[in-house]
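Q: In order, the protein sequence lines correspond to chains V and W.
Residue 40 in full-length UniProt numbering sits at position 40 of the first sequence, with consecutive numbering throughout.
Residue 45 in full-length UniProt numbering sits at position 45 of the second sequence, with consecutive numbering throughout.
Treat the hints with care, as some may be off.
[What the hints assert, rightly or not] With beta-carbon atoms standing in for the labels, derived distance ranges:
1. V:Q30 to W:L213: 23 to 31 Å
2. W:S170 to V:L11: 41 to 49 Å
3. V:V14 to W:P107: 43 to 51 Å
4. W:C131 to V:I6: 41 to 49 Å
5. V:L11 to W:I132: 22 to 30 Å
6. W:Y151 to V:I6: 19 to 27 Å
[As the list claims (entries may be wrong)] One-sided and incomplete, this derived list gives chain V residues near chain W with beta-carbon spacing under 8 Å:
7. H2
8. C3
9. K4
10. N5
11. I8
12. V10
13. G19
14. L20
15. R22
16. V28
17. W29
18. I35
19. C39
20. G41
For the record, the hints were derived by calculation from the structure and aren't laboratory data.
Just so it is clear, CB atoms sit at the ideal spot from N, CA and C, and this is done for glycine as well.
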Amino acid sequence: MHCKNIGIYVLALVLLVIGLYRHDYIYVWQKASTICLECIGIG
Amino acid sequence: MGKREIIQCITAAACNFNVSGFMNGRIFREESKAVCVPGLNCYSCPGAVAACPLGALQSACSGTVLRIPFYVLGTLLLFGIIFGRFICGWLCPFGLIQDLLYRIPGPKIEHVPGLSVLRWFRYMIAILFVCILPVAAYLISGIGEPAFCKYICPAGTLEAAVPLLFLDQSLTAAVGWITGWKFFLLGIFLVSMIFIYRPFCRFICPLGVWYGLFNHRAALGISVLEEHCTHCGICHRVCPMEATIAGNAECISCGKCTDSCPSSAIYFRNPIRYGGPTEGKNK
């Protein structure tokens, strides 16, 4: 595996861990579990 | 129906497993909505059981607080380095819709000189609507907005607006000019999808822009054995995405070139061996 690929995997995992630590997934869930008025052209 | 079409159908069904949502007009609210699917699938679709990565990315910039979306960026990076635009060809529900519409009999617009220049348009859309406008709206008004979702995304219009506005009269009463604009845009996309192969993927989709950056190094995707390649150009002629080189940023790994190459120079990368040619052909 190329070194750059390993670096990208590591970076992705680091970002994920930071995001999980900060509970970013809660914001994703909050947005995804309510009707996105912008997506349907109302908001 | 080939292997790719079967996997596309399974993925689309898995992303929109909440069938009851299409009956009662309510969207899914369980914990799985915190997870992003790799393809374009509006999370306001009544059937959607997970989040759209593009919508989730923009939602970090919408609202009254600007957040760096570490979780979504990490997810997108992981999807990109593992799959690249293999996602577009095999795992994206909106890609499946385009493939199905293209099967409708009619004249097809292929290899038109100059049409491929439009592929640069999606880079402008990605930078302007996904990156700049959401943050600009936040800086100007204090409230960000998911500009691509709001003004362009036909997946949201088709998968979310159509069923929700049909099922929920209270939403129908709130439609305005943006709704009309999005339906007009959707109409243009749907008609063009009959005559042009995947026009949204080729000219508009910001997700494809992102995944295309990883196409040449992702674990899954298409590569060319340079020592076998005779530069005959057959791969470019058969490529429905009109990729100039097999496996470049335009390639969605559909596999048509691997079947057509007379010198067997094109192959699907083997994710287990990470780079080597697979045994036999994949469809």
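Q: What are the numbers of the hints the structure violates, in ascending order?
A: Hints 4, 6, 8, 12 are the ones this structure does not satisfy, whereas the remaining hints hold.
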